[in-house]
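Peer 1: Sequence:
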Amino acid sequence: MRKIIIWTVGLMTATLFIGNISIRSEKPVWEPVESQIRYNKNHAVSVSKAMTAAEGEQGEVIQDGLYIVPDTQDYLLVKSDGEEIEFHADWGSIGSISSTAFLSKEKEYSFKNGDDEKGDRISGTLTFEDGKASLKINEDWFLPMETEYLWLRNSMWEFSEEQLKEIAKGLGVPQDLDVKYVQDKAYYWDEGERYITHVHILYQDVEIAGVQADSFTGEWVKEVRTYSSEAQSGENKSPDFPAVDVEEAVLDIREEYNKIIENISAGRYTEGKLSNGAIFYLEEGNLVSITVPKNTDGSEYSRSYYYGDEGLFFAYYEGKDAHRFYLTQGRMIRWRYSADAEKPQEAVNHDKENSQEYKEMEEKLYQDNYALQPYLDEYFGM
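Heads up: the sequence shown begins at 46 in this note's numbering, then just goes up one per residue.
These are computed hints drawn from the structure, not numbers from a lab.
Since the structure is predicted, the reported quantities are computational estimates derived from the model, not experimental observations.
Check each hint, because a few of them may be wrong.
[As the list claims (entries may be wrong)] Under the rule of at most 20 angstroms between Cα atoms (straight-line distance), these lysine to any residue pairs were calculated in the SDA-like manner:
1. K152 / G140
2. K339 / Q412
3. K365 / R376
4. K150 / V114
5. K177 / S149
6. K318 / Q418
7. K157 / F187
8. K409 / D250
9. K157 / D175
10. K339 / D396
11. K365 / A384
12. K150 / D135
13. K214 / V224
14. K409 / D396
15. K365 / M406
16. K397 / H368
17. K177 / S155
18. K339 / G322
19. K124 / E153
20. K157 / D135
21. K210 / Y248
22. K152 / S168
23. K267 / Q249
24. K267 / K339
25. K150 / G176
With the hints as extra help, turn the sequences into a complete structure.
Peer 2: What follows is the structure, encoded as structure tokens:
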């Protein structure tokens with residue numbers, strides 16, 4: 046099944062996702078500061094009085110990771126290194142700042158950041174204590190001049206183990222079950238004005254519960270699937286395929302695939318090579334394709350994976366036979382199989398099937414996809 050894996054490259058560059066593989070969410074996290082300063086009349090943001098799981102966290106003076114303003118989508122991402130820290134603060138439509146701050150006095154870090162080509166500067170301070178952070182901006186740049194945060198977790202987009210357990214508990218999953226958690230790529234939901242992440246809860250590789258939840262707080266948003274004993278036993282009749290017309294979806298997938306192939310041929314992407322010999326392509330920080338040679342990691346197939354805003358949307362395996370996998374909303378909607386790779390015209394389509402063979406092929410696709418994670422970790426030094 047799918048899983049989300051995250052890399053942060055130098056903290057200030059890009060975030061990689063595999064499983065749904067992308068390098069950042071649909072709403073960009075890191076951009077030049079000058080392109081993110083926007084007009085807003087609000088100049089102060091304070092922490093809500095509502096208790097959150099982050100309150101009460103007692104750690105070091107500076108705790109790396111994600112800080113939030115409860116009940117909002119505002120956040121602060123921090124990575125410390127001795128007497129300096131790199132950070133990114135985001136206030137949604139208001140704007141954001143990325144900068145490096147240096148220790149100026151006990152528990153306080155000062156920063157400066159170029160605003161525009163005229164040389165105007167944004168400066169301020171960051172202070173940390175007992176799982177809390179405070180960011181103050183000296184100049185009135187139409188950003189909140191003071192924001193207080195609570196530490197939430199180590200990762201930017203992945204829920205912590207504690208958050209996942211709370212989600213599972215709320216969905217009625219028995220606490221004594223040895224379950225696995227699979228997280229899709231976080232994406233910005235315009236209608237709800239928030240980031241959401243689809244969480245899948247599996248028992249013995251069978252999905253028994255799931256929900257699309259607020260990417261920060263874990264609050265349920267939509268597509269709530271509560272636990273049932275039938276789901277645990279694998280007797281659920283519907284595998285919850287996306288409610289889409291397969292033929293229309295396949296046409297869209299082919300169109301997106303053709304664009305990627307054209308751009309690869311034209312040399313429009315940044316290209317890199319992993320230690321296992323796989324070639325990957327990036328577009329403005331977003332991972333769009335990985336091609337894995339035949340016999341890599343013992344596989345008899347050459348494999349190609351293609352990624353868009355929803356993550357993996359198409360894959361092609363070729364050996365003596367051939368497999369084409371079409372995915373929408375994180376689920377395989379068509380498996381097109383050619384018993385002879387040289388005779389694609391004789392391929393047979395399997396659409397949204399509930400057969401064991403179909404499920405096994407979908408599972409293998411996800412597992413092969415995840416197996417690329419260590420090589421990407423190695424390449425990006427994580």
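Peer 1: Taking the hints in turn, state whether each one holds.
Peer 2: Each hint tested on the structure:
1. K152 / G140: violated (26 angstroms)
2. K339 / Q412: The hint holds at about 17 angstroms.
3. K365 / R376: violated (26 angstroms)
4. K150 / V114: Answer violated: K150 to V114 is near 25 angstroms, above 20 angstroms.
5. K177 / S149: Holds: K177 and S149 sit about 18 angstroms apart, inside 20 angstroms.
6. K318 / Q418: Judged against 20 angstroms, a Cα distance of about 14 angstroms means the pair holds.
7. K157 / F187: This hinted pair holds, its Cα atoms lying about 16 angstroms apart.
8. K409 / D250: holds (11 angstroms)
9. K157 / D175: violated (25 angstroms)
10. K339 / D396: violated (27 angstroms)
11. K365 / A384: Holds, because 8 angstroms separates the two Cα atoms, which is no more than 20 angstroms.
12. K150 / D135: violated (25 angstroms)
13. K214 / V224: Holds, at about 12 angstroms.
14. K409 / D396: holds (17 angstroms)
15. K365 / M406: holds (17 angstroms)
16. K397 / H368: holds (15 angstroms)
17. K177 / S155: The hint holds at about 17 angstroms.
18. K339 / G322: Within the cut-off at roughly 10 angstroms; holds.
19. K124 / E153: holds (15 angstroms)
20. K157 / D135: holds (16 angstroms)
21. K210 / Y248: holds (14 angstroms)
22. K152 / S168: Answer holds: K152 to S168 is near 17 angstroms, not above 20 angstroms.
23. K267 / Q249: The hint is violated at about 25 angstroms.
24. K267 / K339: violated (40 angstroms)
25. K150 / G176: holds (18 angstroms)
This entry does not satisfy hints 1, 3, 4, 9, 10, 12, 23, 24, going by the numbered hints stated previously.
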